[in-house]
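Chemist: These are the residues of each chain, in order.
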Amino acid sequence: MKKFAFGLYIVLTIAFMIWGYYMAIYGAPLDAAQGEVFRIIFYHVPSASVAFVFFAISLIGSIGYLSLRRGNPAFAQIADAWALAGAEVGVVFCTVVLITGPIWGRRAWGIWWTWDARLTTTLVLWLIYVSYLLLRRFAAGPQMQTLAAVLGIFGALDVPIVYMSNRWWRTQHPAPVFGGSEGSGMDPSMLPAFFWNMGAWFAWGILILALRYRVERQQQKFAAQEAQQALEATN
Amino acid sequence: MDEKAILDHQFVVAAYTVTWVIQLGYVAWLAWKWRAQKRTAVRANRTQR
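Each protein sequence line maps, in turn, to chains A and B. Note that the working numbering has the first sequence beginning at 10, numbered continuously upward. Note that the working numbering has the second sequence beginning at 649, numbered continuously upward.
Because the hints were derived from the structure by calculation, they are not lab data. It should be emphasised that the depicted structure is a prediction, and the values quoted were computed from it without experimental measurement. Just so you know, even glycine gets a beta-carbon here, dropped at the ideal spot from N, CA and C. Careful: at least some of the hints might be erroneous.
Distance condition first, Cα-Cα at most 20 Å in a straight line; then the derived PhoX-like pairs of lysine-lysine [said to hold, decoys possible]:
1) B:LYS652 with A:LYS230
2) B:LYS652 with A:LYS12
3) A:LYS230 with B:LYS681
Pulled a few chain B residues facing chain A out of the computed Cβ check, cut under 8 Å [what the hints assert, rightly or not]:
4) LYS652
5) ALA663
6) TYR664
7) THR667
8) GLN671
9) LEU672
10) LEU678
11) GLN685
12) THR688
13) ASN693
Full structure from sequences and hints, please.
Modeler: Written as C-alpha cells, this is what we have:
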C-alpha cells in the first residue's frame with residue numbers, strides 16, 4: 010500500500026510537471042514588456058519559494074535537534090535528518106534560482122549580475138547553506154550535528170532578509186510581484202501557468218526531500234550499527 | 649520570427665535546460681547514493697552471518 014501510494018505520487022508529480030511546462034510555454038500569453046523571456050518566471054519564482062520553505066524545514070529540524078539531543082536522542086536524529094534534507098534540497102533549488110536569475114537578467118537588464126540587495130542576500134544565503142553542507146561532509150566527531158544545527162539556525166535568519174530585501178531597499182531586481190505595493194501583481198491570464206508551476210515544483214521538491222530524508226535515516230542506522238559493532242569488538 | 653524573439657527563446661531554453669540538468673543530476677546522485685547504501689547493507693549482513 011505504501012509503495013503504491015509512493016508510486017502514485019511520483020506519477021502524479023511527473024504529470025504535474027509536464028502540465029506545468031505546457032502551461033508555461035503554451036498556456037501563458039507573451040508578456041507585453043519583456044516578451045518570451047518572461048516565461049523564466051515560471052521556473053525562477055517557484056524555485057525560490059521551494060528553497061525558502063525547505064530552509065524553514067531545516068530551521069525547524071535544527072531547533073528540534075538542539076532541543077531533543079539530550080532528552081530524546083532518537084527523535085533528535087529524526088529532526089537532524091529533516092534539517093539536513095531541507096538544507097540540501099533547499100540548496101539545489103537556490104542554485105536554480107541563482108542561475109536562472111542571471112540568465113533572465115542578462116536579457117532583461119543587459120547584465121548577468123549586479124550587487125544589489127536581493128541578489129547579494131540570496132548569494133549569501135546559498136553560501137551559508139553550502140558551508141552547512143561542507144561542515145556536515147567534512148567535520149567529524151560528536152559535535153558535528155550540534156555545530157551544523159547552530160549554523161542552520163543562523164542561515165535561516167537570512168531567509169526573511171532575502172524576502173524583504175526588495176521591499177526595504179531600492180534594487181535592480183524588480184519589486185515584488187505578489188505581496189508588493191499597490192498596483193503590483195500578475196496579469197490574470199498568466200496566473201494559471203504560474204500557480205500550476207508553483208504546485209508542480211512543490212510536489213517535485215517534496216518528492217526529492219522525502220527521498221533525501223530516507224537516505225539520511227538509512228545512513229544514520231548504518232552509523233549506529235557500526236558504532237555498536239566497534240563497541241562489541243573492544244569489549 | 650524576428651531576431652529579438654529568437655534570442656528571447658534561446659534564453660528561455662537555456663534557463664529551463666539548466667533547471668532540469670540540476671534537478672535530474674541531483675536525483676541521479678541521490679539514486680546512486682541509495683543504491684550504494686543497499687549494497688553496503690547486503691555486504692554487512694553477509695559478514696554478520
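Chemist: Taking the hints in turn, state whether each one holds.
Modeler: Hint-by-hint comparison with the structure:
1. A hinted pair counts as satisfied when its Cα atoms are at most 20 Å apart, and LYS652 of chain B with LYS230 of chain A does not qualify at roughly 55 Å.
2. For the hint linking LYS652 of chain B to LYS12 of chain A, the alpha-carbon distance of about 48 Å lies beyond 20 Å, and the restraint is violated.
3. Restraint check for LYS230 of chain A and LYS681 of chain B: the C-alpha separation of about 15 Å stays at or below 20 Å, so the hint holds.
4. This hint holds: LYS652 of chain B has a C-beta 7 Å from the nearest C-beta of chain A, less than the 8 Å allowed.
5. About 4 Å separates the beta-carbon of ALA663 of chain B from the nearest beta-carbon of chain A, less than 8 Å, and the hint is met.
6. Residue-level restraint check for TYR664 of chain B holds (minimum Cβ-Cβ distance to chain A is 6 Å; threshold 8 Å).
7. Because the closest C-beta pair between THR667 of chain B and chain A is about 5 Å apart, less than 8 Å, the hint holds.
8. Interface restraint check: GLN671 of chain B against chain A, minimum CB-CB distance 7 Å, threshold 8 Å, status holds.
9. Checking LEU672 of chain B against chain A: minimum C-beta separation of about 10 Å lies over 8 Å; hint violated.
10. Look at LEU678 of chain B: its Cβ gets to within about 5 Å of chain A, closer than 8 Å, so that hint holds up.
11. For GLN685 of chain B, the interface hint holds, the least distance from its beta-carbon to any beta-carbon of chain A being 5 Å, beneath 8 Å.
12. Here the hint on THR688 of chain B is kept, as its CB sits about 7 Å from the closest CB of chain A, short of 8 Å.
13. Interface hint at ASN693 of chain B: violated, since its Cβ lies 10 Å from the closest Cβ of chain A, which is beyond the 8 Å cut-off.
Figure legend: structure checked against the earlier numbered hints; hints not met, in rising order: 1, 2, 9 and 13.
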